[in-house]
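Novice: Residue strings, one per chain:
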Amino acid sequence: MSRLLILPVLILLWQLAAWAAGGQSYILPEPMLVAEAWINRYDVILPNAGVTALEILLGLGLGALLGVSTALCMAAAPSLRRWMLPVLVASQAVPVFALAPILVLWLGYGMASKVAMAVIVIYFPVTAAFMDGLRRTDPGWLELARCMNAPRAALLLRIRLPAALPALASGLRVATAVAPIGAVIGEWVGSSAGLGYLMLQANARMQIPLMFAALITLAVFSVGLYLAVDHALRRLLPWQSDALSSYDQN
Amino acid sequence: MTIAPAVTVHAARLTYGGQALFDDLDFTLEAERCTCLLGTSGVGKSSLLRLIAGLLPDADSRIASDDGLPLSLRTAFMAQQDLLLPWLNVLDNVLLGYRLRGETPPQEQAIALLERLGLADRLKDRPAQLSGGMRQRVALARTLIEDRPLILMDEPFSALDAVTRFRLQELAAELLQGRTVLLVTHDPLEALRLGHRIHVMTGRPARLSDALEPTGETPRDLSDPELLRLQGELLKRLAAEEMA
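If you're matching them up, the sequences are chains A and B in order. Residues 27 to 276 in the numbering used here are what the first sequence lists, from first letter to last. Residues 120 to 363 in the numbering used here are what the second sequence lists, from first letter to last.
It should be emphasised that the hints constitute simulated quantities derived from the structure, not laboratory data. Among the hints, a few may not be true.
[Unchecked claim] Among chain B residues calculated to face chain A with C-beta under 10 Å, some are:
{"#": "1", "residue": "Leu219"}
{"#": "2", "residue": "Arg220"}
{"#": "3", "residue": "Leu271"}
{"#": "4", "residue": "Val282"}
[Said to hold, decoys possible] Output of the computed footprint for chain B on chain A, the stretches with three or more beta carbons under 8 Å from beta carbons of chain B:
{"#": "5", "region": "37-49"}
{"#": "6", "region": "119-127"}
{"#": "7", "region": "161-171"}
Predicted model, so just to flag it, every value in this text is computed and none were measured. Glycine included, C-beta positions come from ideal geometry on N, C-alpha and C.
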C-alpha cells in the first residue's frame, strides 16, 4: 500500500504548479477547488462517468472478442493471414480522430459510436499480441505433439492457444490502458452524455474546476480498471512465469 | 504394446546450409534393443534421430520396419528439454498424447507409472513446482505411457546433475526393456550403461562406426573396470575427432 504515497506527492506538485501559474483558476485550478467542484457537482459527474465506463467496458469486451477471433482464424488458416494483415494494420494506421466524425454520422450521437471507437482502438493491440503468441509456440512442443499424432485442431486449441495466453494477456493490458482514449474521443466529436461530453461543456463555459474534476474521475476509473484487469489476468494465468514480480518481492 | 520392430534407415541424406550433414548413411535399430548413437555436438546425431521420428520432411531416406508396418503411429519421442506444458499438472502432462488425440486416457496406468517414478504425491503439481530431475521423470512417464514400441530419445538426461542422471538411467533401463530404443547422447558412460549396441558418429558428412556391443545386462555396473576402460577409449576417439 506504500505506493499510494504517490497520491499526496502528486497533489502537492499540482498545488505548487497552480501557485506558480499565478493562482488563476481558469488556467490551472488548485486541488481544493477541483475537490469542491467534484463534491458540488457529483450528481452530474457520476451519471456521465457511468456512461463513459459502460462505453469503455463494452468496447473492451467486443474488441477483445473480435481480436481473439481474428487471431485464431489467422492461425487456423495461414492463407487468411495474407488477406487480413492489411486490414489489421489499416485499423491501427488510420487516425481514430479522422474516423470519429464518420462513426458519429453513421452510428449517431449515442453510445454505439463510442463503443465502436473503443473497439477500433483496442482491436489492433489485442489481435497483434495474440497473433504473435500463436506464432511463437515452442517448436519442441509442436514436434512432441506431432510425434503424438495430434490432429491440427488439437494442436491449435490445446497447445498453441494456451501457450499464447500470456501474450494475449499483454495485449489486453495495453487495450485496457488505451480503451478510454477511444471512448472519450468519440464523446468529444459528438455526444449527449459521458465524461468527454461533460469536459467539453465545462470547458466552453469556463468551468475549469469541473473539467478537471471530470478528467480526474476518468483517470481514477482508468487506473482502477487497469489494476482490476491486471489482477484478474494474473489470477487466471497462475502458471505464467513472472520473474520480475517474484524478484521484486524477495 | 505390440511387438517391437527393428528399424532400418537406408541411404539417409541431409544437407544443412549447402553442406551434407550425412549422405548415403545406413543405420539399423535392432528389435527390442537399445541402440546408442554417440557423437560430439553438431555431428548430426540429433538430426538422424529426428529423421527417424519423421520430423525432417526435407531429408532424403528410406526408413522401414522389419514388419513392414508404418512407424508414425508406433513412435514416442523424448527430448533433452522436458517439454512439459506449464499450464497442465503432472498427471495431465503425462496423458498429453491421449488428450491431443481425443482418446480415453489410461488414468490408472499413468498414476501407477508415476508412483514407480517416485512422483505419487506430485500428481496435481504444476511443472514449475518441480525440480529438473522430477520434470524429466514426468517426461519419461509421458513417453512410456504412450506405450509405443519404438522410442527415440535425444539426450534425455544431459541437463541433469550426475546423481539424478544416474538414477534416471537406472529407471529408464528398467522401463524400456522390450522396446526398440534409439538413444542419442554425447556421454560415453551413458551409452555404455544403457546401450546394447553403440555407434560412434563422426566426420562431415558423418559416418557411423561399427556397433560396439558391450557384454552384460543394462544398466551396467559403473564400477566394472572393463566398462571404464571402454569409456576411456570412446572418449579418446571423440576427442581425436574434435581435434581433426
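Novice: Output the numbers, in ascending order, of every earlier hint that fails for this structure.
Specialist: Violated hints: 4, 5, 6; rest satisfied.
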